[in-house]
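Q: Work out the full structure, taking the sequences as your base and the hints as a guide.
Residue numbers (our numbering): 5 to 205.
Treat the hints as calculated values from the structure; they're not laboratory data. Possibly wrong hints are sitting among the right ones.
Stated by the list, open to error - Derived pair list, reagent style EDC-like, types lysine to aspartate or glutamate, alpha-carbon separation capped at 16 Å:
#1 Lys173 with Glu191
#2 Lys164 with Glu191
#3 Lys165 with Glu193
#4 Lys131 with Asp54
#5 Lys128 with Glu46
#6 Lys128 with Asp54
#7 Lys131 with Glu191
#8 Lys131 with Glu193
#9 Lys165 with Glu191
#10 Lys163 with Asp129
#11 Lys196 with Glu167
#12 Lys197 with Glu167
#13 Lys163 with Glu193
#14 Lys164 with Asp188
#15 Lys165 with Glu46
#16 Lys165 with Asp188
#17 Lys164 with Glu193
Claimed, not checked - Here are the computed distance ranges between Cβ atoms for each label pair:
#18 Ala31 with Arg181: 21 to 31 Å
#19 Lys163 with Glu74: 39 to 49 Å
#20 Arg150 with Arg171: 10 to 20 Å
#21 Asp188 with Arg150: 18 to 28 Å
#22 His119 with Asp96: 37 to 47 Å
Fair warning: this is a prediction, and the values are worked out from it, not measured in the lab. Backbone N, C-alpha and C define an ideal beta-carbon position, used for all residues, glycine too.
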Amino acid sequence: MTPRPAPLEIAYEPSLPDDPVYTGALAHGRQVERLAAALFRELAPLHRLDGVWEARLCAAARLHDIGWVEGRKKHHKTSMRLIETAPALGPDEAERPLVALLARHHRRAWPSRRHRRFAALSGKDRKCVLRLAALLRLADALDYSRQGLVESLSARIGKKKVELCLRSKAPCLEEMRRTGVKGDLFEAEFGKKLCCSCLPQ
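A: Written out as structure tokens, the structure is:
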């Protein structure tokens, strides 16, 4: 029997400038954080990570889109830079590099040794970042419309596939479609096909 993850041990409360782009990014980020935490707990038998990594995932989820303040293009890389260099965002200096790296990989390229920051990690941390980046990409996909449609989720873990069962306040076809696209890293990392179903309330 796989033990439950430890409780969160690190708390992050970002202090952002009064800017509508930051406000929108943080509103979306809080929904993605909630979904990422649910995925972390539901999929604990697969990733087998502890509460410290859950806190890092939640921090990265909350802040992953703040790079929009400089525009959509390469906003994932901008988010990484801002998290690394802005103490007001919350993570302490020791945690900031891992949180920033997770936020950077919420979209586009998978974590790879071609990336200097990822290559510099220990083998154990690289594996953890890969697994959490997979979860963060799913959580982001589950709020694709930015309407907070997905209210809760559960996961059925089978031998060859994982089914995410979503409960939503309205049909979430775009979220399901996007989960199929952004679930590629999850499938590669965990070796299981990802399926998704939605039950509107």
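Q: Take the hints in turn and mark each one as holding or not.
A: Comparing the hints with the structure gives:
1. Lys173 with Glu191: violated (27 Å)
2. Lys164 with Glu191: holds (10 Å)
3. Lys165 with Glu193: Holds, at about 13 Å.
4. Lys131 with Asp54: Holds, because 13 Å separates the two Cα atoms, which is no more than 16 Å.
5. Lys128 with Glu46: Not satisfied, since the Cα-Cα distance of roughly 22 Å exceeds 16 Å.
6. Lys128 with Asp54: holds (13 Å)
7. Lys131 with Glu191: Distance of about 14 Å is within 16 Å: holds.
8. Lys131 with Glu193: holds (9 Å)
9. Lys165 with Glu191: holds (9 Å)
10. Lys163 with Asp129: violated (26 Å)
11. Lys196 with Glu167: holds (10 Å)
12. Lys197 with Glu167: The hint holds at about 8 Å.
13. Lys163 with Glu193: holds (15 Å)
14. Lys164 with Asp188: Distance of about 15 Å is within 16 Å: holds.
15. Lys165 with Glu46: Holds, because 14 Å separates the two Cα atoms, which is no more than 16 Å.
16. Lys165 with Asp188: holds (13 Å)
17. Lys164 with Glu193: holds (13 Å)
18. Ala31 with Arg181: 21 to 31 Å: holds (22 Å)
19. Lys163 with Glu74: 39 to 49 Å: holds (45 Å)
20. Arg150 with Arg171: 10 to 20 Å: This hint holds: roughly 18 Å between Cβ atoms.
21. Asp188 with Arg150: 18 to 28 Å: Holds - the Cβ-Cβ distance for Asp188 and Arg150, about 22 Å, lies within 18 to 28 Å.
22. His119 with Asp96: 37 to 47 Å: Given a distance of about 23 Å, which is not inside 37 to 47 Å, the answer is violated.
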